[in-house]
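Protein chains: 2
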Amino acid sequence: MTQLKTANAKHTFQRVIIEHLAPEIDGGVFPIKRVPQEQVAVMADIYTEGHDSVNAVLLYRKLGEKAWKKLPMTSLGNDRWRADFVITEQSDHEYCIEAWVNHFETWQKDFKKRIEAGQDVTVDILIGINYLKHIVEQEKGKEVERIKSLLEEIQKASNSNQKQTLLLSAQLLSLTQATPDTASYVCYDKVLKVQVNSPKALLSSWYEFFPRSFGKNGKHGTFKDCEAILPEIARMGFDVIYLPPIHPIGTTHRKGKNNARVGGPNDPGSPWAIGGQGGGHKAIDARLGTMDDFHRFIKKANSLGLEVSIDIAYQCSPDHPYVKEHPEWFYQRPDGTIQYAENPPKKYEDVYPVNFYCSNSFELWQELKSIVDFWIDQGITIFRVDNPHTKPFAFWQWMIGETHKNHPEVVFLAEAFTRPNIMKQLGKVGFHQSYTYFTWRVSKAELIEYMTELTQTESREYFRPNFWPNTPDILPYHLQTGGRPAFISRLILAATLSSNYGLYGPAYELCVNTPVAGKEEYFDSEKYEIKQWNWNEPQNLKDIMTRINRIRKRNPALQTTWNVKFCDVNNDNLIAYYKKTDDSKNIILVIVNLDSANTQAGTVKLPLGQWGFAYDQSYKVVDLLTSDEYSWQGEWNFVELNPYKMPAHIFSVQQA
Amino acid sequence: MTQLKTANAKHTFQRVIIEHLAPEIDGGVFPIKRVPQEQVAVMADIYTEGHDSVNAVLLYRKLGEKAWKKLPMTSLGNDRWRADFVITEQSDHEYCIEAWVNHFETWQKDFKKRIEAGQDVTVDILIGINYLKHIVEQEKGKEVERIKSLLEEIQKASNSNQKQTLLLSAQLLSLTQATPDTASYVCYDKVLKVQVNSPKALLSSWYEFFPRSFGKNGKHGTFKDCEAILPEIARMGFDVIYLPPIHPIGTTHRKGKNNARVGGPNDPGSPWAIGGQGGGHKAIDARLGTMDDFHRFIKKANSLGLEVSIDIAYQCSPDHPYVKEHPEWFYQRPDGTIQYAENPPKKYEDVYPVNFYCSNSFELWQELKSIVDFWIDQGITIFRVDNPHTKPFAFWQWMIGETHKNHPEVVFLAEAFTRPNIMKQLGKVGFHQSYTYFTWRVSKAELIEYMTELTQTESREYFRPNFWPNTPDILPYHLQTGGRPAFISRLILAATLSSNYGLYGPAYELCVNTPVAGKEEYFDSEKYEIKQWNWNEPQNLKDIMTRINRIRKRNPALQTTWNVKFCDVNNDNLIAYYKKTDDSKNIILVIVNLDSANTQAGTVKLPLGQWGFAYDQSYKVVDLLTSDEYSWQGEWNFVELNPYKMPAHIFSVQQA
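Top to bottom, those sequences are chains G and D. FYI, in our numbering the residues of the first sequence are 1 to 656. FYI, in our numbering the residues of the second sequence are 1001 to 1656.
Honestly, the hints are just simulated from the structure, not real lab data. Because the structure is a prediction, the values reported are computed rather than measured. Each residue gets a CB set at the ideal place from its N, CA and C atoms; glycine is no exception. Check each hint, because a few of them may be wrong.
Computed cross-link-like contacts, SDA-like style, restricted to lysine to any residue with a CA-CA straight-line distance of at most 25 angstroms [unchecked claim]:
{"#": "1", "chain 1": "D", "residue 1": "Lys1257", "chain 2": "D", "residue 2": "Thr1471"}
{"#": "2", "chain 1": "G", "residue 1": "Lys113", "chain 2": "D", "residue 2": "Thr1251"}
{"#": "3", "chain 1": "G", "residue 1": "Lys109", "chain 2": "G", "residue 2": "Glu153"}
{"#": "4", "chain 1": "G", "residue 1": "Lys109", "chain 2": "D", "residue 2": "Thr1418"}
{"#": "5", "chain 1": "G", "residue 1": "Lys519", "chain 2": "D", "residue 2": "His1051"}
{"#": "6", "chain 1": "G", "residue 1": "Lys424", "chain 2": "D", "residue 2": "Gly1028"}
{"#": "7", "chain 1": "D", "residue 1": "Lys1346", "chain 2": "G", "residue 2": "Lys190"}
{"#": "8", "chain 1": "D", "residue 1": "Lys1424", "chain 2": "G", "residue 2": "Ala22"}
{"#": "9", "chain 1": "D", "residue 1": "Lys1424", "chain 2": "D", "residue 2": "Trp1365"}
{"#": "10", "chain 1": "D", "residue 1": "Lys1347", "chain 2": "D", "residue 2": "Ala1260"}
{"#": "11", "chain 1": "G", "residue 1": "Lys346", "chain 2": "D", "residue 2": "Ser1160"}
{"#": "12", "chain 1": "G", "residue 1": "Lys190", "chain 2": "D", "residue 2": "Glu1024"}
Ranges of calculated distance between the beta carbons of each label pair, as one might list FRET restraints [said to hold, decoys possible]:
{"#": "13", "chain 1": "D", "residue 1": "Ser1618", "chain 2": "G", "residue 2": "Lys565", "range": "48 to 54 angstroms"}
{"#": "14", "chain 1": "G", "residue 1": "His407", "chain 2": "D", "residue 2": "Gln1155", "range": "48 to 54 angstroms"}
{"#": "15", "chain 1": "D", "residue 1": "Gln1119", "chain 2": "G", "residue 2": "Phe362", "range": "32 to 38 angstroms"}
Could you put together the complete structure from these sequences and hints?
The following block contains the structure:
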């Protein structure tokens, strides 16, 4: 069998090509991200010259394990191969591909053709036997033992017909497919990583609020006050509460109402002007309470199924202890002052940015990381990070990477509404969730294009969207003008397009929509003043929010972002999409009227084939928002949505 | 200026990201390919965190040169940068990108905004000066010297207004842009290669013929006989003549007419059954003449502007000297025979494939390479390689790579009509030209899709198409049924879509179209018998071939494949496309009727904007095939093509 020997020490080379492996981020420099129960679909072009058969195997294992799990890959045609594995536990994984030429398989394929053509196969039988002998002599493993005994059976067979039948057996083929051919064996040149995060990284409903606005009788709110509102937030179905910075606020250059450059004596200051007499990033604003109060608050939240997320804003007020202790951590100006934050010509005199490139940056970075460590010790596992795009990527990669090693449960959300490459890079270097452009994607074409980019391109592997219809910084134009219908439709879009979503309340559920003239900013912003919210004003959206969050909880189809598919509708004001579980047991069809002022109607085309529905049978759609039921039939169905009643359907689609 | 210092030995990191560099083939494993005068457009995403300005430079040089040439890259928006360089000589090149943060540029950008906003800039002037001081202290080079003197001028300036004007100067900015900032300097992590080939690799017109069919009075033709037909081939405008194997042909299992398994005593044999009494791959079939005759033939061809290409077919007839000398180079069967070529159930008993994986493969590979070396020594610089897809990629990479080192002028054409990945891989590992699926792309949609794949995807960097409407192996169905109009239209498509094209003549110019029933093969194929061609039969296409090749020679727009663009036509039987030079001085518009049986008419939309034509002015189109002239105006123009007259227009478009 000289044709099988390549083992010339002077002269070896790679025979099987494995290329265009996906997913692989930047040549394997960055891991892909998953949460438990998610699948990794691995594909590659795998082939050799000529018409020889190739076998390919996907290898995967938990990081640190010795043994690889192995899955045979399947040919998709055109030399593309695929195998999928499911992450079953919250541990990082790695994967690779191995492949080789299966000479016996090539031989068997040809052998069948020879027999079909009625050729004399006497010598071919001997060749087939030789291939098996070669395997038995060269390779090892329990499959080889079974090949050995089948080989003996073939050799003992009394006639050529019997030998032929045995040689053609599918069992024999599959045994050889499980036995790599040493001579042509090749392994992909990189082992690729899967970072596995907490389930919360993929599925979360965020409720942001300012604790200081929940005091009694106009007083500065405390964590104790806030304990009282937690049951209501839990009842609405949110599972993450996110608090703007809870640290002492500086008094120097403290801003007044509506971002006035000079505040009055009673102005509470912006929570992002961190640090004062009471301490810095590891302290709590005394007006909110004590560390004990905060611990009790966290405990209460947790008992209601809520996780508490705090804000990591690496910047300091002029009164922050760091400014005195480490002036070198800030930008020194030639006049001896420290540079405050600016976006020329805008000035933020109440905030000093940190200089990540300072002369003792090593100490600075360690200190900044210790802030996160400190809050993890207090029971925080979710961090919303302010303006990460203005800090070095290398810092995040190091800080989040180190944190992941010791606390794989921790989730970081990047607040970065900036250039697409920068947002993606923050995802690559470690952020588990990211704010997105959803806030400004309004038309049907924009929404479809953006969802396609998020779910169908490589960024899907490392960039997890979190959809926010508003934030304390952003009151988008469509909410300013669209009234309550716009607040409802944007909420439904956020909560059903993305499995991670959040909103800044109670401004959202009360449909607050007065802007600073001409800007996408709130007038009388809560960032600079204490509010008194009456949650039960008549326009409140609490009921609809509760229903939407309940729908998300009850329908696994809505618990991922990656499965969204759009449907044709013959009206550009109506957007329709569905999400379904792999087994099609849960199918959710969402249709939203994007026109907040007018009733819109149209016919929607449903992918019955994708759902496994017969084209001639009726099926049931149940609107989970209204409990209305309809019996539909065929691909095209009529819908009509009056935004003042309800701007959307969220249908559960059920085979009749 | 602490903010500029990152030089903490314990703590350095990459600040500027350079990613998604293109062109880059498989992480730089394979070079891109160019010929002299072609451009390399290099693009990458380049950015840093925040809003700091980044400068990027493309570096390139001839392989072996020490100094890099440098070109500033231009921002295309969205963090994408680009710079182009032109290959000016036939030497391999390499390229890379460097980038850094330009703190002065960031400062100047902000400074302008401050001034526009009427802010006090006293301290900002000092900061700008400090940035310049830092450059002068830290960096080197003639630009730094000029920055130094400008800095002195600024410092001497008597008032703040003067300083301001000097600091805002574009000259100062551009000097800083030419001075990399050492602290943030980063270089792309790979140096990428450009393999530069002979101009023939991009532009060639091939004429394939069997020399033995040009004997006098039915006798076996000789090189001497063929010298007589060279002027006619040259007159038709071809520049490469390609000869099927010219070596001794085996007699054992020699095939008869129409691939009959047993040939008669007078059958000449298939030229691909290489090797016999007279020698192997380095010998010449005595019936064709002597080596001296061949040398004379080459000389005659060269004197007419023709290059001679021979066929490299690594396979042997049973009578090849290798079979006796090196039986281990072939596949041994258990019955002691050597395995002949097969594609079960088809058998090619007159040919033994070579076993590239044999026990002494090192010696075999050396010997196979020596065949190429031998023919290079005889004056051959173009090789058409038979069935390369059945031989190891590693062999081609080594063999073509070694040949390229010593003979960069040599061109290898891959005859591989196989799976797309395999064809592409052959291009990656070294082949300079490749046969394509053009032979089977017939409809307008198929042609547009295929041209888009060839010219607009990454394969454009390493896979150079060569379009063949027929070969001795392939008489496609559309030529069997389409008559003379089909032969003309396919010729025009091949010669104008691709700058490399070829045909198997005289079967082509005589419109020979009798197939083996039901197959895409020639009946009475010249592969198995000697033909007597009468070039001057009335249906001959010599005149149209001559015109087409002359059009290709005179119009630089047709001398590349990469510039093709398609135009809308409101008739699916008409395909329209144009090619133009970068300066738009040469614009060729081709419109082909793909229906060989009927006149087709339609209106074609011309990209006047792309051509720099006014929409309201008339322009001239001259049909280079017929010399007919038309005056056109506006975007949409009517065309009508009668396939029996001429199935295509090849217009030269000229501004009036």
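Going down the list of hints, with the structure as the test:
1. Lys1257/D - Thr1471/D: It holds: about 18 angstroms lies between the C-alpha atoms, which stays within 25 angstroms.
2. Lys113/G - Thr1251/D: 28 angstroms, violated
3. Lys109/G - Glu153/G: The hint holds at about 21 angstroms.
4. Lys109/G - Thr1418/D: 19 angstroms, holds
5. Lys519/G - His1051/D: With Cα atoms ~22 angstroms apart, Lys519/G and His1051/D stay inside 25 angstroms; holds.
6. Lys424/G - Gly1028/D: 23 angstroms, holds
7. Lys1346/D - Lys190/G: 41 angstroms, violated
8. Lys1424/D - Ala22/G: 19 angstroms, holds
9. Lys1424/D - Trp1365/D: 22 angstroms, holds
10. Lys1347/D - Ala1260/D: This hinted pair holds, its Cα atoms lying about 11 angstroms apart.
11. Lys346/G - Ser1160/D: 23 angstroms, holds
12. Lys190/G - Glu1024/D: 18 angstroms, holds
13. Ser1618/D - Lys565/G: 48 to 54 angstroms: Holds, at about 50 angstroms.
14. His407/G - Gln1155/D: 48 to 54 angstroms: For Gln1155/D against His407/G, whose Cβ atoms are near 53 angstroms apart, the range 48 to 54 angstroms holds.
15. Gln1119/D - Phe362/G: 32 to 38 angstroms: 35 angstroms, holds
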